[in-house]
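A.B. asks: As a plain string of letters, each chain reads:
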Amino acid sequence: MALLEAINPLLSAGWQQGGHEWRLENDAGWRLKDYEARGGYQSLRKIIETSMSPDDVIAEVKKSVLRGRGGAGFPTGLKWSFMPKAAPEKYIVCNTDEGEPGTFKDRDIQRYDPHVIIEGMIIAAYAVGAGRGYNYIHGEIYELYQRFEDALDEARAAGYLGQNILGSGFNFDLFAHHGWGAYICGEESALLESIEGKKGQPRFKPPFPANVGLYGKPTTINNTESFASIPFIFRIGGEGFLNLGKPNNGGTKLFSVSGHVNRPGNFEVPMGTPFAKLLEMAGGMRGGRKLKAVIPGGSSAPVLPGDIMMDCTLDYDSIAKAGSMLGSGAVIVMDETTCMVKALERLAWFYYEESCGQCTPCREGTGWLYKVIHRIEHGQGKPEDLALLDRLTVNIMGRTICALGDAASMPVQSFIKHFRSEFEYHIEHKKCLVPPDVQRTGSTFYTRKMGQA
Amino acid sequence: MLELELDGKQLSVPEGSTVIEAAHQAGVYIPHFCYHKKLSIAANCRMCLVQVEKAPKPLPACATPVTNGMKVFTHSEMAVTAQKGVMEFLLINHPLDCPICDQGGECQLQDLAVGYGDGASRYEEDKRVVPNKDLGPLVSTDMTRCINCTRCVRFTQEIAGLMELGQAFRGDRAEIMSFVGKTVDSELSGNIIDLCPVGALTSKPFRFSARTWELARRKSVSPHDGLGSNLIVQVKHDRVMRVLPLENEQVNECWLSDKDRFSYEALNSAERLTKPMVKQDGQWQEVDWNVALDYTAHALRDVAKNHGAESIGALVSPHATLEEMALVAKLMRGLGSENIDFRLRQSDFSADGKRQGAPWLGMKIAEINTLDRVLVVGSFLRKDHPLLAQRLRQVAKKGTQVSVIHSADDDLLIKLFAKAVAAPSQLPAMLAQVLKAVADAKGANAGVDVTVSAEAKRIADSLVSGASAGVLLGNFVQHHPQAAVLNALAQQLAGLLGAKFGFLGEAANSVGGYVANAVPKGEGLNAARMLAEPRTAYLLLGTEPEFDCADGAAALAAMKQAKSVIVVSPFKSQAALDYADVLLPVSPFSETSGTFINTEGRVQSFYAVAKPQGEARPAWKVLRVLGNLLELDGFGYDSSEQVRDEVLGGKAEFVSGLDNGVDGVAVELPAVSGIERVADVPIHFADALARRAPSLQATADAAAPTARMNAATLARTGVVAGDMVNIGAGGTVSLVAQLDAGVPDNCVRIAAAHSATAGLGAMFANVTVERA
Amino acid sequence: MFSEATLRKIDREVAKYPAAQKQSAVMAALAFAQDELGWLSQDAIAAVAAYLDMPAIAAYEVASFYNMYDLQPVGRYKLTVCTNLPCALSGGVHAADYLKQKLGIDFNETTADGRFTLKEGECMGACGDAPVILSNNKRMHCFMTPEEIDKLLEECK
Ligand SMILES: Cc1cc2nc3c(=O)[nH]c(=O)nc-3n(C[C@H](O)[C@H](O)[C@H](O)COP(=O)(O)O)c2cc1C
Ligand code: SF4
Ligand code: FES
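Going down the list, the protein sequences come from chains A, B and C.
Note that my numbering numbers the first sequence so that position 13 is 13, with each residue one more than the last.
Note that my numbering numbers the second sequence so that position 700 is 1153, with each residue one more than the last.
Note that my numbering numbers the third sequence so that position 15 is 1240, with each residue one more than the last.
Be careful, since some hints might not be right.
In silico DSSO-like links for lysine-lysine, alpha-carbon gap of 27 Å or less [stated by the list, open to error]:
(1) 851(B) <-> 85(A)
(2) 462(B) <-> 689(B)
(3) 868(B) <-> 217(A)
(4) 490(B) <-> 672(B)
(5) 246(A) <-> 277(A)
(6) 217(A) <-> 1327(C)
(7) 321(A) <-> 277(A)
(8) 290(A) <-> 85(A)
(9) 491(B) <-> 198(A)
(10) 580(B) <-> 430(A)
For the chain B half of the interface with chain A, some residues (derived, Cβ under 10 Å), not all of them [claimed, not checked]:
(11) 603
(12) 672
(13) 1088
Only some residues are given here: those of chain B computed to face chain A with a beta carbon under 10 Å [claimed, not checked]:
(14) 535
(15) 554
(16) 575
(17) 579
Quick caveat, the hints were computed from the structure, so don't treat them as lab data.
C-beta: ideal position from N, C-alpha, C; glycine also.
Build out the structure end to end from the sequences listed, making use of the hints.
C.D. replies: The structure is reproduced here in structure tokens:
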């Protein structure tokens, strides 16, 4: 990690190590002066001082093969290139609505390095010709929304935002928009609706935001981590960034490790790092218990049995090959004390609770899924329920406006696929395969603080 | 054009078409709920999923744009499996009790469930129950049946122009509702009943009164405003049970105003006149038709003989049919009187004799959609012409600049480009300013000497900058004491602009009255003079003078002093019982054949949809008999069609002879003086039917009139909003004062056509305001 | 209905958006309204809508869609515990149970003294810090062991 430590401004803030405490007042180093001391805003200056054209900027990002860190892994440079050149009014939007269970990386970027997001967004705005931007910040992290507002004030005062930025003739205004509790607003078009002051119901695509986005104007929307990677790309060059990872999987990435490990937290590792290494960084399995299952990319990604996961490397391609998704890089680790039916029941409830309600299959189907799984967990399952669940997921997947329908279905399919016997046991014996007291000890109070070495 | 293959058929469709539109063009039905051609695309029901070649998953036909070379399969296994899957989800929380549902028999969900449902449901959990909402007197709710297609929500936002409904909460807790405790008050609200594909929103007046399959469906034409909406009237045992729109893209599209839809209640009103009645020695007696007709013929003949035929006046409702109007006119002329008029709320007749033709819209209704600049002068547009307002709302959304000059500033729910609000007396001056500014821009001479205000300039700039402008004069202009001046100014303005120029027809036969010649010729008296110079006898066809005339009080007085008042009407009213001496029961539009000529000159004939109630008879037949009894020539008609064809000189889709031009009207601009009345005719008081529809009378639009003033006028008159005030003009009435910032300075807005204000007299007059 | 300070805060939000897009400030405005009044009554929602020139039902859609608006009165301290899977694996549910037992209320209930309301939350994006409790929508408390919960309750006067 030494290489990264030397060059990555995020890393030098010490935030990727995990093991920090949530005490706002103790946080040091997020202010503009700290960021600048770490070489912050140098990428922006370089772009402007060397008069890079917007096209050059996009080309460099393409070269880095930065893939969107919000979950879908779409190449960021390519996305930027979709923005119509001539449009007079364009927007840049940052997606900090991190609400995918297991994901907590964007919060830490907000917390320790708000200016890296601002710099990344300014560069993006310059590249696509946007005059205004918004950062949509997850409802529950209000303190960080306020911090971001402070950082924006600093950046404005320093001339990084506003008219004629750094004498370049380029104008860009950036604002923060605070969410108020809706997972679906992480979906980009729901997020745009939400900024427009409506409920967060996703829009049908096409048209895509690059053509019809915020207020109907062309809009580029990226995840926080995607924007945060931009200054770094211009620090070491697109190629350098690509080479940090592996082909088609450029750079380093943040992984949020939660669940039954000794040191839950965020870890930045190069793409292609073995999962085993990440597990080790996270302090290994809690209490030395056996790894049972891992959800490698946030709760919407299919679960993988521990042994399959142990053979994976952390990049889009390897995890896809194993039958899941790298998604947002949220790694939820479950040990042998976990009842998979109960775990699925909780996730099913989440999707039921968070469905926006517009598409019939999602609105009606997520509730049905939950009710059936709940029944199984509570000893009222029927043998035909597993086939029913399978049918329902087939009827939901790919038939909705946004991917929440898929997100709700994939856990159900994968949990049943890999842990079918546990579901069957539940139905047959009307109780958990893992005894409740074992479950309780496995999931009892555990905080990194308590477990810290 | 784009080429595609749909279910093996080659098609070519316009650029920008969606798959569902392409299918429609090919006559292929794709099941759907949320899609509606007049509403924005929601793509939320997912019923319209189809297979598209190369797409890995089924796509919603309503939202998927056609691309060149696309291959679509609407009935492939992938498509049908997807559709069935959606249907299953739709049904799990839907009550399966079609036999007791009001929508049963005309429910899209029911129909499709037969084709796409899977018999027994696998769903064994509890069904969701959703509380019902009170949306007001017109729309009944059964929200557990709602499938959240959001058509109703989009309708209120997009077509009615004000979001009165929303989808609150999320997930399967989502509920369609109005803001808590609020009713849906749009004058177009009934359309959500049609739009709702299930039984969640149904007609409150119709509720549980009949099963749909018991109803005969008959075509008709709405007898209210000048649009002439096309109707499907549903009848059971000769009773009109419900009215629905008959789609006509050129006229009402697929919509109806609430007045069009719910006024049918009046057809079954207890006030229906069902027997001929004659007053003898102050006592009303029900008599046989021949007695009543004899009496009537005698009365007319006597008055003509003893007082001269010119002492008889006929006031015809502008909502009467063309045939009825023509026969009254013929009858009067046969008697030797030219005193016949249907322009009951008009007060300025100085353009008579100067007109180049019958006033009309000046264009086809559908041509409104092609205008890029519109100026509407003197119109309570939303309430006077709900569906024309809707058209303007849509064109404004697409970029047409709509501006308004008026004496009120009601929210039209149209994105206006500019507006100028002025006291009634200053309306001509305001229009003259616009004319002046346009003339200046065009280097022409307006011939008027006015200082152009900023508002007028803004309106003029807009008009001048367009390629196809329209100038439309509303009911308020037609009622205005300087109607001829306004007409002349607008004509000049339109001329300079090369614009379309038209009148928004107030009533179902505002054009038809001219075509039927139900206007005085030569020395004949117009409606105003017939009242100002009271006649010995009046013949009233469908008219309720106390509400329908420009000066209700004067009209009532004229009736009371007359020796004989012959009322030919579907209704009896206390007023008529007081002043009339004969009541002849005739059919409302639903029980007679007839013709309305709408504001664009479209000839719309219709048949009776039900048998006349009691002894009521179609008025054209009654008038024919009267003509014969009076031994007048040319009353030998066998059918109403003969009357029509005689009037129109043969079959025609549109009438000719329409022209808004006036010659030689001297433009004089009146000065301001005193406190002026601004009189609107509230939507549900405009005609005898609407006045008698209980559900319409229970709407917010039927609220009791108040005296509305802006803050300055309130202050000047020493009145506080909420106070009772005495308004003095012809007579005095007491009303509650109300603050309305949209009323021009030194004006009081007081509704006309209402019993509470009938005593006030003329619609346009100076009034006094005093705290009661 | 609202104090001058609240209105100025709303104005500041309105200024973030293009002039024709006042409605964009509705989420913030509803949040300020809730801050001031403790919860969002229908009158409060209607007042926000009127201030932003938007239909009341549109504001109600927003108020009812997002989790953190309270359409019913809540206690002075609204504590929301995340019980989603990642948190549950590290004691999130136990923290909720502990709170229920300490306060004698279940989720969506308020203590008799009107001090506390307990809510079950969804993922707060802080799974590494489980158990996580959000107080009054704004302050996040992490690593909430029973001792920490006791301390928090002590602080909530
Ligand atoms: C249900 C749902 C929830 C999502 N939540 C998030 C989120 O919390 N954060 C995020 O960045 N992207 C989220 N996304 C993905 C976004 O729609 C979008 O793809 C992403 O913000 C694009 O940024 P990127 O290209 O930088 O990854 C979500 C998508 C769906 C369908
Ligand atoms: S899939 Fe679900 S969350 Fe996504 S738009 Fe449809 S109803 Fe809303
Ligand atoms: S009609 Fe296409 S999704 Fe509803």
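A.B. asks: Next step is simple, just say for each hint if it's right about the structure.
C.D. replies: Going through the hints against the structure:
1. 851(B) <-> 85(A): Status holds; Cα separation ~24 Å.
2. 462(B) <-> 689(B): Outside the cut-off at roughly 43 Å; violated.
3. 868(B) <-> 217(A): holds (20 Å)
4. 490(B) <-> 672(B): With Cα atoms ~23 Å apart, residue 490(B) and residue 672(B) stay inside 27 Å; holds.
5. 246(A) <-> 277(A): holds (16 Å)
6. 217(A) <-> 1327(C): Given that 27 Å is the threshold and the Cα spacing comes to 52 Å, the pair is violated.
7. 321(A) <-> 277(A): It holds: about 19 Å lies between the C-alpha atoms, which stays within 27 Å.
8. 290(A) <-> 85(A): violated (54 Å)
9. 491(B) <-> 198(A): holds (22 Å)
10. 580(B) <-> 430(A): holds (25 Å)
11. 603: holds (8 Å)
12. 672: violated (36 Å)
13. 1088: violated (63 Å)
14. 535: holds (6 Å)
15. 554: The hint is violated - residue 554(B) has no Cβ within 10 Å of chain A, the shortest such distance being about 19 Å.
16. 575: holds (6 Å)
17. 579: Since chain A brings a Cβ to about 9 Å from residue 579(B), closer than 10 Å, the hint holds.
Comparing the model with each numbered hint stated earlier shows that hints 2, 6, 8, 12, 13 and 15 do not hold.
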